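**Student:** Single-letter residue listing:
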Amino acid sequence: MSSKTRIVITGIGLTAPNGNSLPEFRANLLAGKARIAEIDVRHMGRHPAGVCDFDATKWQKRKEIRNGTRVGSISIYCAREALGDSGLAWESVDKSRVGVYLGITEHGNVETENEIHNISQFGNDTKYWTHHHNPRTVANNPAGEVTMNMGITGPHYTIGAACAAGNAGLIQAAQMLQLGEVDVAFAGGVSESIHTFGIFAGFKNQGALGAHDDPTKASRPFDKNRNGIVISEGGAIYVLERLEDAQKRGARILAEIAGWCINSDATDAVLPNPERQAECVRLALKRAGMKPQDIHIVSTHATATALGDIQECTALREVFTDCPGTYINNTKSFIGHCMGAAGALELAGNLPSFEDGWVHPTINIEELDPECAMPGLVINQAVQAPRLEAILNNSFGMLGINSALIVKKYGVA
Amino acid sequence: MTKEDIKQVVLDIIADIAPDEDLSAVKPEVRLRDQLSLDSMDFLDIVMELRKKHGIEVPEADYVQLASLDSCAEYLLPKFQAKGSK
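Chains A and B, in that order, give the protein sequences. Using our numbering, the first residue of the first sequence is number 1, and each one after it goes up by one. Using our numbering, the first residue of the second sequence is number 1, and each one after it goes up by one.
If you're looking for bench data, these hints aren't it; they were derived computationally from the structure. In this text the structure is predicted, and so the values were computed from the model without any measurement. Ideal placement from N, C-alpha and C gives every residue a C-beta, glycine not left out. Any given hint could turn out to be false.
Said to hold, decoys possible - Covered stretches of chain A (in silico footprint by chain B; criterion: 3 or more residues with CB under 8 Å from a CB of chain B, positions within the stretch not fixed):
id	region
1	60-74
2	129-137
What the hints assert, rightly or not - Far from chain B, some chain A residues (derived; all Cβ distances over 12 Å):
id	residue
3	Ile39
4	Ile262
5	Arg282
6	Asp294
7	Glu355
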């Protein structure tokens, strides 16, 4: 199988805090509608968070929901919706040739914290610790729950890649399709992180937890008064296929994977390195056979931390000089940081641009931080663009993992 | 606590752990596994809920006693009575 084998997207299923399908999500992004709630976080009181309200019982029995994990339910919902969107004749698909590759930032914290709380009600006697703990916390849990629900017998695993995980899941799937390991891949990223207080406490004690009297304004990347991350749950799973297979079955092709790169800062556990980020973007462009000018939308990773946003802007300014046709936006301003799902959701929200000709904005900018000023930054209002044929999706994470994924409109040279 | 009460306790637990099951016609003399979709993890859930909600311990060697509602009632009655007399 050649590394030049072309990989296309033929279906998307998602749940975001502001939408349980791509059309709903897209409409809210174009309309500037954020949806962030305030939730009770164990031991910590109320904090803004992105909460999804999809109907888990659409695709799962109540017992499955009870015995599984929240992120398992998110994964099953997204995978089933993606399957429906793809038009695949599922009953005739060879399930041993289907793979599931899901990016996760972390897994198991929710279930472990719940059990620690549970046994604390019984004098910390471990005989009250649930026997469901291990199947719920093994790192492959979200992908494994998908295979059990859908009867998939091909490979499944998760890709732990901090907040670069959504891109990493898609990249893994593209590679496995190119290698001929599978014929159909369900891939993307998922997160249940709002249900663990540890993530909230960690960011708070790092001085990086976002807050605002109006929770919908708490996540404000690039704003001068931004004060940190809003933690969210969510998921986005794509159906990926080799181009010739998609063509053979007459599939509707949403976009083509054009290029990617994952690299490492090797400098600091939490502070991003703009030099490595720029290298990551440049290498993705090179592999895609593109110049910076060929990118029409840059979907930024920016999480609304004081330094992280500036670092990414520094990297982007270095790569995207003299690119009048390149627009830059951010999705976390609407839905917070969906962690393992972030990259996959943020790309999904931008994909309809190829058809509708609009670029959704980054919202909640009341005063643009001069250090985040970039030509092409779409602020608060969606814009129509004359040419939208390629998207660069940035996702970066702790321990210095960087990912850049480029997708292009199908049929464009 | 009567045997009928204990059968209801077990049915209430099953209603929690297997919420998709119709429990309206469970036959007390028939093995639960033969009439409901229950697996080994579900039986461990029953053991756990007896422990948590009622302070009843079922040693692993006695799990077989939980096969049917009737056998549950027979086996658990002295345990509930012992709890009640404390």
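**Student:** If a hint holds in the structure, say so; if it does not, say that too.
**Tutor:** Each hint, compared with the structure:
With 5 residues bearing a CB less than 8 Å from a CB of chain B, the region 60-74 of chain A meets the requirement of three and the coverage assertion stands. Coverage of a stretch by a chain is defined here by at least three residues with a beta carbon nearer than 8 Å to that chain's beta carbons; for the region 129-137 of chain A and chain B the count is 3, and the condition holds. Every CB of chain B is more than 12 Å from the CB of A/Ile39 (nearest about 25 Å), matching its label as outside the interface. The beta carbon of A/Ile262 sits about 37 Å from the closest Cβ of chain B, which is more than 12 Å, so the claim that it is off the interface holds.
For A/Arg282, the requirement that its beta carbon stay farther than 12 Å from each beta carbon of chain B is met, with the minimum near 50 Å. With a cut of 12 Å on Cβ distances, A/Asp294 stays outside the contact zone with chain B, its closest approach being about 52 Å. No Cβ of chain B comes within 12 Å of the Cβ of A/Glu355; the nearest lies about 40 Å off, and the non-interface call holds.
When the structure is compared with the earlier hints, no violation turns up for any of them.
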